[in-house]
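Construct all of the structure, not just a fragment, from the sequences and the given hints.
Heads up: the sequence lines are chains L and V, in that order.
Quick note: the first sequence uses the working numbering, first residue 1037, plus one each step.
Quick note: the second sequence uses the working numbering, first residue 1037, plus one each step.
Just so you know, nobody snuck in bad clues.
Which copy is meant is left open, so a pair is good if it fits within one copy or across any two.
Below, computed lysine-lysine pairings styled on DSBU-like, alpha-carbon distance capped at 30 Å:
1) Lys1393 / Lys1097
2) Lys1415 / Lys1434
3) Lys1066 / Lys1393
4) Lys1066 / Lys1535
5) Lys1061 / Lys1393
6) Lys1344 / Lys1434
7) Lys1066 / Lys1494
8) Lys1545 / Lys1422
9) Lys1080 / Lys1220
10) Lys1545 / Lys1449
11) Lys1449 / Lys1223
None of these hints come from the bench; they were simulated from the model.
2 protein chains.
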Amino acid sequence: MYMKKLTSQVVMTYDDPVADTKYGKVRGLKTDGTYIFRGIRYAKAKRFHMPEEPDKWEGVKGAYSFGYVCSELNTPIAHDNDTVQHFYYPQNEHCQYLNIWTQHLDKSAKRPVMVWLHGGGWFSGSSVELISYDGENLSAYGDVVVVSVNHRLNVLGYLDLSEYGEEYANSGNVGLADLVASLKWVKENIENFGGDPDNVTIFGQSGGGGKVAYLLQTPAADGLYHRGIIQSGGTFGHGGADEVRHCGEVSRLAAKRILERLHIAPENVKEIETVPWEDLAQATMEAIWLIREEDGEEVSWEPVYDGKYFMGDPVDMGYRKETIGTPMIIGTCFSEFAGTHDRNYDEQPKALWSEEKADAIIARTFGDKTARMNELFAKAYPDRQKQDLLFVDLRFRKPAMDYIKGFTAAGGKIWNYMFNLETPYNYGTTAWHNAEECYCFRNAAYLEYEYIPEVSEKLEDEVSGAWLAFAKNGDPNCAAIPAWPACTADSIPCICFDKVTDVRTDHDKELVGEYPEIEAPGFPLSSKMYAFYGVKPED
Amino acid sequence: MYMKKLTSQVVMTYDDPVADTKYGKVRGLKTDGTYIFRGIRYAKAKRFHMPEEPDKWEGVKGAYSFGYVCSELNTPIAHDNDTVQHFYYPQNEHCQYLNIWTQHLDKSAKRPVMVWLHGGGWFSGSSVELISYDGENLSAYGDVVVVSVNHRLNVLGYLDLSEYGEEYANSGNVGLADLVASLKWVKENIENFGGDPDNVTIFGQSGGGGKVAYLLQTPAADGLYHRGIIQSGGTFGHGGADEVRHCGEVSRLAAKRILERLHIAPENVKEIETVPWEDLAQATMEAIWLIREEDGEEVSWEPVYDGKYFMGDPVDMGYRKETIGTPMIIGTCFSEFAGTHDRNYDEQPKALWSEEKADAIIARTFGDKTARMNELFAKAYPDRQKQDLLFVDLRFRKPAMDYIKGFTAAGGKIWNYMFNLETPYNYGTTAWHNAEECYCFRNAAYLEYEYIPEVSEKLEDEVSGAWLAFAKNGDPNCAAIPAWPACTADSIPCICFDKVTDVRTDHDKELVGEYPEIEAPGFPLSSKMYAFYGVKPED
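Set out below in structure tokens:
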């Protein structure tokens, strides 16, 4: 019903709180007891170059407005605005800004720090893109310091130009390096905002979950964080080390094609640093298209494995022993992108289907596996409508299981969750990608389509309670939830957050194992995914 | 405290309301009794060409998300976000979309229609840019149909290419023609949304006020609206007919310079229709800069007088007899852009100044006119702090007086208001540009810096009450306000909306007449104004 702080303007007075940083003083604001600082620059960078320390300044700089968010290859109107509220903001490739919500400004407070890494793959999104991301309620309830960051995305962050000169040696990872720089800023400055630099939890959803996992694979980040939470994390496992190396080759091919599109000869590569962003974006979209059509390859903007700065997807390349001791939480939503599939089966919302209709559609979909799937589904989710079998997510759940398997095998400690709540959207919709975020941040009341009186408050206490306990102690167990054991090499106890929350061990192992490739037309991804598909060159 | 509908996502169900239009069916949503339709295309257009009717479509089109807003030459983070909340949205030059808030969907309802024209000069802004613009509360309270529109701005709307071919004869007015097209759509379709096509009020603020005034000077719009409200309207009076014609010359000079910057020869002018928007925007900014530096002229994007499609600024070119019978309201805010000037005088907020400090600063500022100005100010505004003399707006008040003078002289009927409320911002700030909007739309509670319990509700009843009475009857007088006479050729009765609202006749005539050019450093305009200043060409 209400959008509160993220989109509300600040009320600035001349006596707003001032905090010190290594680079100069910043003036924020205080609202309902929470100090808020928006748009603090944590680094600066030349295009395709590693981030550097920001410039120092004299006097007091205002930190009232969010900073620029990273330029996206394209920003259409998100088709899923009805389920995931987007907040658009001015874009600029110089986007190394962070935001802080805290209850204290004294060095002695030393509260746990939670750094939020936004989703949108590694190619889109921002720290203010979704209303759920507002940090005030989590900071106020948990007495923690919440930080959210913008960093370089897409071609700006992950184009491997290393073949064109030593100064671009790490251009394929500069967006990841921005994240490291933001954590370094937190390490060096967060004490002035009441935070404990020696207790930093990094958490993120979708691409942001992938960022958490990849930071553990980035030696430069060692010691800058202490726990990690992967929410519906970027899918892990590229199919082995060769495939990981191949991704690097594709990024280098993209560099070649983009330079061609821009008519920049290799010896003039430096020109790519100064071509207008819009021209670079256009050339990039065309290159993506050409590489698919002519080279039969798919460009996926993400950090480039080099065995030095970035050690690669852990499922493919192995988990680093230096970070395997990091306590972790990983989990997914019941449906993720399959959450609003029902229209693909029937014009009537799935929540209103009759038993007969549900049976007919399930039988039509699963054929001779129908009985077996019904049985496995009822076993895994006894409390759900039978038709929810059609909306089971595998795309994120399977990779999460793989991550857990490898992480535990390597000796790591990790907890698993599933967010199971059926939202009120369209009479009842299984939990989609992003659905759990407002419960981590205690912002459910801002989201008309998710909020359920009492249930939402209970779930906020459980989810944010567990996240906060984890941030404080490295263990999510707390009074708000049932006993939640960590995973082992051969079993996955999963806490299922729902109207009634419980812990189920290996509850969907068989279901996931035997779930067939069903015919349901794919749920359209956020229209931003178009940036993945590229555009046909005009000439 | 809260941002409600404008930024809140819609909750879509399969049984949302469907309405018919001349071009196809649209599915909107219903929330708290109000039907909302977002992003309905009312026209389509090729760049620099007149708008055409939109394409028809089969089936039901979703109208849940706002449409693209017009591309701006640049969209920096607004420096004044702390006093005027901006809501950013994806941009595209194909921006002919409108939004509707209504209580009825039956043809028989025939409720008054109020079409909102956004501000931002003729070069920036959108129908969803400010939280104040949300139409739900006004529609629900007044049982009227509220419509808001996007249309072409800046170089896209007002570049005079007429010297390059007949097909561009009206390119200097296509943005204005979009507005006409939106009113034509309302005329032909609003009945299906419970509206009365024969009772349409156009209202707008700042640039939007200028749009209202200029629509009265546009024959193609005759009969498409029936009353007009100019809020802090674009300044009127270019200095006479010759200056108006000169503005056209400058627009044609801009066309020449932009084509040069784009290396497009006159015979290839058609290429300017297909150059990427970003290149056109860059060339435009450079041309603006060159025209100032080398030609000593200032490009101001606005409709181009041609004596045919657009009859020009009425103060310079005369009021059209065809529209002089349109009932009008015109008014301004106490301070407009001078509203937050106090920092230019003292580090302490003006509301906290001691009598001595106020006297000293006033004496320093007005010199030997001090006594006289204090006297005239106390006479005009007996209830204000004496230092508010420093924050009197002339920039909008004087042109409004000129407009009234000409309009009444030509036989028109017009009412005058001033919005005088001191907001809670920074301990007390005189009413700035945009401050009255949330009272027209009854959205004050969304704006933390403006909302004053009880006072805001009272003012919403007065301001929106008068606007609604005017929309219904062509006369703003109603139970909520004191008797408010229309202006005459020689006197201006002004309703002063404030904690205590009253009507004062010619109260500030002497004050405005004798107010000197004071030294106060100018209040920085919204950083978007940078688009006015242009950028230095690199070559």
